[in-house]
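For this one, chain G is given, so just place chain P on it according to the hints.
Taken in sequence, the protein lines are chains G and P.
Sequential numbering from 1 applies to the first sequence in my numbering.
Sequential numbering from 311 applies to the second sequence in my numbering.
Treat the hints as calculated values from the structure; they're not laboratory data.
Here the structure is a predicted model, which is why all the values come from computation and not from measurement.
Don't take every hint at face value.
Partial list, derived from the structure: chain G residues whose beta carbon lies under 8 angstroms from chain P [what the hints assert, rightly or not]:
id	residue
1	R83
2	N86
3	V87
4	M93
5	I95
6	F101
7	A177
8	A220
9	E261
10	A270
11	G274
Even glycine gets a Cβ: it sits at the ideal position worked out from N, Cα and C.
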Amino acid sequence: MNWTGFDTWIVVIGALCAAACALPGCFLVLRKMSMMGDAISHAVLPGLAIAFLVTGTRASVAMFLGAAVAGVLTALFTQWITRFGNVDRGAAMGIVFTTLFAIGLLLIRQAADHVDLDPGCVLYGAIELTPLDLVSLGGLPIPRAALVNGTVLLLNLGIIALLYKELKLSSFDPDLADTLGYPSQFLHYLLMTMVAVTTVAAFESVGSIIVIAMLIVPPATALLLTHDLLKMLLIAVGAAVLSALGGHLGALVVPGWFGFESTTTSGMIALAAGLVFTLAWLFSPKEGVLTRRFREKVGDPGSLPDTNTA
Amino acid sequence: MPDLREILEVLLLQNYNTRLVVLSTTLLGIAAGLVGSFLLLRKRSLMGDALSHATLPGVAIAFAVMVALGGSGKSLPGLLLGATLSGIAGVATMLLIRHTTRLRDDVAMGFVLSVFFGVGVASLRMVQSMPGASAAGLESFIYGKTASMVSSDFLLISLVAGLSSLACLLFLKEFLLLCFDDGFAAAQGWPTLFLDVLLLGLVTAVTVIGLQSVGLILVIAFLITPPTAARFWTQRLIPMLLIAALIGGISGWLGASLSALTPQLPAGAVIVIVAALLFVLSMIFAPARGVIPRWIHQSRLRRKVDRQHLLRAAYEILEVQAGSAPVVNEPFPLALLLTKRSWTPRQLRRILKTARREDHLEPAAPDKILLSESGFGEASRATRNHRLWETYLIQYADIAPSHVDRDADMVEHILGAKLVRQLEAYLSDHDLALPVPPSPHSLEPSANP
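Okay, chain P solo, but in the shape it has when bound:
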């Protein structure tokens, strides 16, 4: 078990052996988070999957070419160049299939993924038998091998990661438009095809540098998981990009550190699991779209809707009882409520219980319901809002009076004070006066208290 000093050394990049590895996976995580965000918003997350598999033939062929030219075949820039070229070929095949057949995106991706990977595996096996060179390390591109990094590799990786991040920031506005409304972007004269290709080029760059550290299967997680987790935290693009970069960076940093401390844990797998844990936490707790906050919000809204339905139903019953006289608050039979809406007796009992807790009802005889003072006021306000909206719909939206009740019902619960004032202004020719008697005393501040 490593002690605390060792842990801190690794986490704070003080340890010479692990500094490069931890730093490069952190940078990779940041770049992948940024690029992956656009991929997610474009609903092409699995493109990274297809692309990363498509890089394998390039690795094998680049190795063979370098050996044939007399090199060692293991030079990282050469292998990554090969990977990039075959990744581009994969993307081109995908686009071709999409534009010349009626097969859909998922089939095109699956085709490129499996056929390119098959070719990659076959050619990898072929070059392994090449005389005079050992290709033994090539398979580490599939699972990743962080430990074998030298400083020139690190420079290359951080350069590519930095450039990709920079490109994301430079083309922020264009990518934003492309992701949210590509039809509009095209109509405005933006070169959408070029932007799409640029985005895929960035994905290729990130994938290819990810091959070395986390391997071609797990680099997919780097592209997908942090952006999807970030999506739960916010509804806005720029915060989402920052959070995705943060989550990607943290996963890379923590994962690589953990794996450096315990040698039997492969870095790629640990990084992916850290990212997945962050994803699960975000999915459950994140304020903007997390499961629990959304559930709380929805149940609060449901309670409000139930309350307003109950009070309005009560008010309308009282109205019918009063006939043409002014509505007064008096007990009425519970059975009448059941006929007003499609409540089951059980639902109604639950709603009444909540209303009692909120002081909207007062104790009355067993089969009777009596609104409290505040309940009656709230009931007349809810009914008034409903009627305002109904009148507005009839007057300005040409909805027949016999159908307006339902339409109004869907909107009235979210009417704010400002909207109600607006409705009152629109409907100023109707009689909207609130029945409040005039004050018996002067409301001006008196001169001598």
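In isolation and in its complexed conformation, chain G is listed as follows:
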């Protein structure tokens, strides 16, 4: 293996993006809306396509706007179908995002002759190429993807710090939040907008498959390890960063084992996140499958005989 500065940047960008996703992801998981991340990340496609067709460039601002609008529309349509049609929320979500995705595919295919927007690029991204696209920040050349994802991370961090109490209450007890007069509708759409914007920031650089994985898997990992929201946020970010590092290492090493040349870092980051989750699943101190099995066998660890005095 040959580690270069290039690889360091890839890990940094992956970690920034993963952490940016893990933060809103915690609230999605707590609100039983994990699949919303998946839905939104597919449904932003028409927003991106329209923004691209209108402006003709892949300029970030229009793309952000288009995708954020598409993301909020997904949440809105899902809500409408659920409420006015009396439909199960999962089904409503499935209908909305598959339809939007299909519209996006059509738009892209229509414009395929004069557009280099590839749906594959949306899904896998090209994190390996991000360190090539440099911008200058205060005279220092840093990859644009690092800047974008770093900004989104700070934004998400800021919103959560600012509205921590409100988000916490409306996630755990929406009815109480409503009766106390908190704007829970607004918080819902704010969260959806955060997810949409985060998705787009990641789409360009690292691919939406990381987003879906990072919105769900690190928060789920954290949920197995703690019952405290603040700790959950911290652990989720930690697990996300670990997955980014492990994912890139895996992308460099694993193909060699099977005699292949290379693979995508995006997919491997999702796999690494899955492995981190599996560790927590098996060995979580309180709820791990193996820890519990062990405790059942030898009894409560507190009542173990003290081996030193024996």
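Relative to chain G, chain P alone:
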């Protein structure tokens, strides 16, 4: 632009090139509609989403294995076998997470979806660099590629679709029980776990054959959209299954035909959009649960409730005015009505306007209200029903007389004639006679007219 003859040729399966494609997506739509209905009723629609993503690693690994064994790696049955196996692994992971942690369904689905898909993308990229074989077509499993179908693929797809539909019909009663009351099914000794696994197996089968034609993201729509649309048309399971199969079939047939006629439209996307349009139409207009029929029904009920409230309030005012004498129809002040219920003056004006249109009120002095003949009769009938119900509640439901008014109010509007007769029978020891004077002449048919 294709002309009319071409359009008809494609739609009626006369065109050799498109016949297989159109027919297979139609069959797929029918099978998906049937299987998806049970998934929807079990509130697991997104299971299809997780499952379809989970098939991707299987496709890549099956390709690698087939190439390593010296094959071309592109044989559809082999790829679909791989997809099935990894789909099953995905379902097993989901069930494991659900049963061994306190994480909920949605997290388990999201986990399987993202991690399996990530692994799929990573292994797809790995096998693409395999020497001696081109894996270029594999990505079409993500977006679907209908045009490249040969007749052996078609046979496989129609066989699987037919078997899945047949299984749905064979296990109709068991699935019905599982969807509507799984606790009862388990208590009755039905093997619910086996039935659940069977259902997910059918979902896997439909998903896997859908990969080839519409792709793994859009096959989700096939499983979710037609059943959800069918749910608006009926409250019964068997009609719902038939309608879902019909909507799925129509989407597959129309979508594939449209895409065959205009080559730049990808089939998967067109099929999904056709299904979505059918869904929107169903959601708005379908008679059983559509938005507009339900709205009409609700406003009709609201008008009826308003009318009965008004008339009963009027009758009770007249009763108080009459004291112990029999109630007679005479004008009374409008202000009294306002105190009877929590109407705002505006609401009351609207209700009075409707009542005037329905001939329940007669013109009277400005601040007065006068019931018409039919209004008075209707008012005494509404009041009588209310009192019957109140008496019944006091006697048989042990509700205190001071609280009974509200409880009766919630039910009296939907009392039918049959129910009223039943109440009268229950309460036969009370004095319930309607105050109608005896007829002054004989009611027997006279012998000489």
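Okay, the hints, checked on the actual structure:
1. R83: With a minimum Cβ separation of about 10 angstroms from chain P (threshold 8 angstroms), the hint on R83(G) is violated.
2. N86: holds, 6 angstroms
3. V87: holds, 6 angstroms
4. M93: holds, 7 angstroms
5. I95: holds, 5 angstroms
6. F101: With Cβ-Cβ at 6 angstroms, under 8 angstroms, it holds.
7. A177: At about 20 angstroms, which exceeds the 8 angstroms cut-off, the nearest Cβ of chain P leaves the hint on A177(G) violated.
8. A220: holds, 5 angstroms
9. E261: holds, 4 angstroms
10. A270: At 2 angstroms from the nearest chain P Cβ, A270(G) passes the 8 angstroms test, so the hint holds.
11. G274: Hint holds; G274(G) Cβ to chain P Cβ min 3 angstroms, cut 8 angstroms.
Going through the hint list in order, the structure does not satisfy hints 1, 7.
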